[in-house]
Amino acid sequence: MTIMPRINQKTSDVVKRLAGLLVCILLIALFVFYIGPALEQTPALKPVMQAIDERGIEANMYFYTEVEEFSEANINMNNTMAYPPRSP
Amino acid sequence: MADEIVKNVGKWEWSEMWKKEDWWAIWLGFAMLLFGLFVYLNNAPADLHQKIAKANGILAAESARAPFKTVAWHKAVDAKKKLKATSSEAGKKITLYTKGPHGWSSNPLDAFMMGKSDAEAIKEKALAKYEAAEAKAAAALEAAKAAEAAAGDFTNETLNTAAVTAIAAWRAAHEKASKAKKKAGAKPYNQIPYLIGLCIFLAIFFGVGMKGMGKPTIKFMVGFGFVFLIAVLSFAAGTNATMKSLGIGYAAWAILFGLIISNTVGTPKWVMPAVQTEYYIKTGLVILGAEILFGKILSIGVPGIFVAWVVTPIVLISTYIFGQKIVKMPSKTLNITISADMSVCGVSAAIATAAACRAKKEELTLAVGLSLVFTSIMMILMPAFIKAVGMPHVLGGAWMGGTIDATGAVAAAGAFLGDKALYVAATVKMIQNVLIGVIAFCVAVYWCARVDCAPGERVSKMEIWYRFPKFVIGFIAASILFSLIDQGMGKDVSYALVDHGAIRGMSKIFRGWFFCLAFVSIGLATNFRELKHHFAGGKPLILYVCGQTFNLILTLLMAYIMFYLVFPEITARI
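Sequences listed follow chains H and X, in order. Note that this note's numbering has the first sequence beginning at 1, numbered continuously upward. Note that this note's numbering has the second sequence beginning at 1, numbered continuously upward.
Do not rely on the hints blindly, as some may be mistaken.
Claimed, not checked - In silico DSSO-like cross-links for lysine-lysine, where the CA-CA straight-line distance does not exceed 27 Å:
id	chain 1	residue 1	chain 2	residue 2
1	H	K46	X	K181
2	X	K116	H	K16
3	X	K181	X	K116
In case anyone wonders, no lab produced these hints; they're calculated from the structure.
With the hints as extra help, turn the sequences into a complete structure.
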C-alpha cells in the first residue's frame with residue numbers, strides 16, 4: 001500500500017525537475033534569439049555593437065591572448081616605441 | 001573548492017610530486033607547453049630573420065625621415081604582423097584539431113557543421129562587401145600616398161596634418177577590408193569528429209594524472225564525456241554573434257549550464273568523478289603562466305607601468321581592507337577574489353586569486369558573475385561618456401584599459417572610439433594582465449603566512465612552503481621561462497614564434513578548454529542556495545561598486561598625470 005504513493009511522489013518529482021530544465025532551456029533560447037538581438041538594436045547599445053561587428057572583436061573573451069586586437073595593439077605600440085617619428 | 005583540495009600541511013614528502021594534484025597540474029601543463037614550443041620553434045615562417053631585418057630597415061629610415069608614421073612605416077609593420085608560426089601547416093592542423101565550435105548567428109547547428117551550399121551563400125554575400133571595402137581601402141591608400149607626397153620635406157604643419165588624417169583614414173579602411181576578407185573566406189566544415197577526438201585526448205591527458213593520484217581513472221573518463229559536452233555547448237553559446245557582442249562568454253554559459261543541470265534534474269552520479277574543478281583550474285593556470293610575459297610591461301613605457309602596475313595594487317589592497325574593515329565581509333577569500341577581479345582583469349584574475357587563496361567554488365562564481373555584469377555595463381557607458389565629454393583618446397583608452405574588467409570588452413570599448421584609443425586601452429590592459437602572476441603569488445604567500453593560521457601565530461618559512469599551493473610554482477615558473485625566451489629572442493622573433501606560436505597556438509587554446517571544464521564543474525557541483533548565502537546583505541555588490549568607483553577615479557587621475565603632465569612626449573608619439 002505504501003509503495004504506490006512513494007512511486008507517485010518520485011514520478012512527480014522527476015516531472016517537476018524535467019519541467020524546470022525545460023523552462024530554463026526556453027528562457028535561454030528566448031534570451032539568445034529574441035532579447036539579445038533586441039538589446040543590440042537599442043540606440044544606447046547599437047553604436048558599440050556595430051564597432052564590434054565591423055572589426056570582428058571577440059568582446060566576450062577574458063585574456064589578452066584571446067583577442068586579436070591586443071596583438072595588433074602590441075606590435076603597433078612596440079614599433080611606435082622603437083621607431084618613433086622624428087621630432088618636427 | 002576548499003573542500004576538494006589536498007592541503008600540504010606540516011611536512012614535505014617527495015612522493016607528493018607524483019601523488020598530489022598540484023604537481024600533476026605542473027607536469028601536465030609543462031608537457032603541453034614544451035610540446036608547443038617544440039612544434040612552433042621548428043615551424044618558423046620562411047626567411048623570418050631576413051624579412052624582419054628588411055622591415056626594420058624601412059622603419060628606421062621612415063622614423064628618421066618623417067615627423068609622423070608614414071605609409072611605408074605602416075606597411076613595414078604590416079609585413080611583420082604576417083610573420084606567424086601559427087600560419088605554418090603544423091599550426092593550422094593544431095588549430096583544426098583543437099578548435100571549439102564555430103561562430104553562428106541564427107542557426108545553432110552552424111556552430112558545429114556547415115554544408116557547401118550554405119558556405120557558398122555566406123561567401124557570396126561577404127565577397128560583395130569585401131570587394132567594396134577593398135576598393136575603399138585602395139582609394140584611401142592612394143589618397144594617403146598623395147597627401148604624404150604633398151607634404152614634401154614635412155616643413156609645412158598644415159600639409160603634415162592633412163597627411164596624418166589621410167593615413168589614419170587609410171588605416172581604418174584597411175582594417176575594415178582585412179576583417180571583411182576573413183568573412184569572405186567561408187568554407188564548409190564539420191567540427192564534430194575533431195571535437196570527439198579532442199574529448200578522447202583530454203580524457204586520456206587528465207586520466208594520466210588521475211591514475212597517478214590513485215583516483216578512479218575509468219570512472220573519470222566515463223564522466224568526462226558529459227562535462228566535455230557541456231563545455232562544448234558553453235563554447236557554442238559564447239560563439240553566437242549576439243552573445244559575443246554583448247560580452248557574454250563561455251565562462252558565464254558554463255556556470256549557468258552546470259547550475260541549471262545540478263539544480264533541476266541533478267548532476268548524474270556517474271558524472272561526479274569527472275567534476276574536478278581544482279584539477280582543471282590548476283592545470284589551466286600553469287598553462288596561463290606562459291602567457292604572462294614580463295617584457296610586455298614596458299610596451300607603452302613608464303606611463304603604462306604607473307597606470308597598470310601602481311594603481312592596480314593600490315586599488316586591490318584598499319578594496320580588500322575596505323571590505324574587511326568597513327563592509328565587514330564575512331569571508332576573506334570572497335573579499336580578495338572580488339577585489340582582484342575588479343581591480344586586475346576580471347575572470348582570469350578571479351580564477352588565479354581564488355585558486356591561490358583556496359576560495360570556495362561559490363565565491364568564485366559570485367565574483368565572476370559580478371565582474372561579467374559590470375563589464376557589460378562599463379563596455380557601453382565608458383566609451384559613450386568619453387565621446388560625450390570629448391576626452392582625448394589616449395587618456396580615454398588608458399582609463400578604459402585600467403578599469404574595464406574583461407579583456408575583450410576593453411577592445412570593444414576602445415574600437416568604438418578609434419584606433420588610438422583601442423591601442424592604448426589594449427596595451428594598458430595587457431600590462432595589467434601580466435600582473436596576475438604577481439598577485440597570485442603574493443596572495444598565496446599572504447594566505448599561508450597570515451590568514452590560514454591561528455591568531456598571533458608566527459609561521460616559519462618551512463611551514464609556508466608546506467602550506468603553499470604548489471601549482472603556483474608551476475604558474476610562476478612557466479611565466480619566467482616564457483618571459484626569458486621572449487626576451488632572449490627579441491620582440492620581433494618572439495612575436496612570430498612565441499606569441500603567435502606556443503602561446504596563441506597552444507597555451508591559449510588548451511587553457512580556454514581547461515577553464516571552461518572548470519566552470520562547468522563548478523556549476524555541476526553548486527546549489528543555488530549556497531550562492532544565495534554568500535550574497536547575503538548585498539555586501540559583495542557594495543564591495544565591488546565602492547572598489548570600482550575608487551578604481552575609476554584613481555586610474556583617470558594617474559592616466560592624466562602620466563600621459564599629459566609627466567610624459568607628454570610619449571602621448572605625442574602614440
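Consistency of the hints with the structure:
{"no.": "1", "hint": "K46/H / K181/X", "result": "23 Å, holds"}
{"no.": "2", "hint": "K116/X / K16/H", "result": "43 Å, violated"}
{"no.": "3", "hint": "K181/X / K116/X", "result": "19 Å, holds"}
Checked against the numbered hints above, the structure violates only hint 2.
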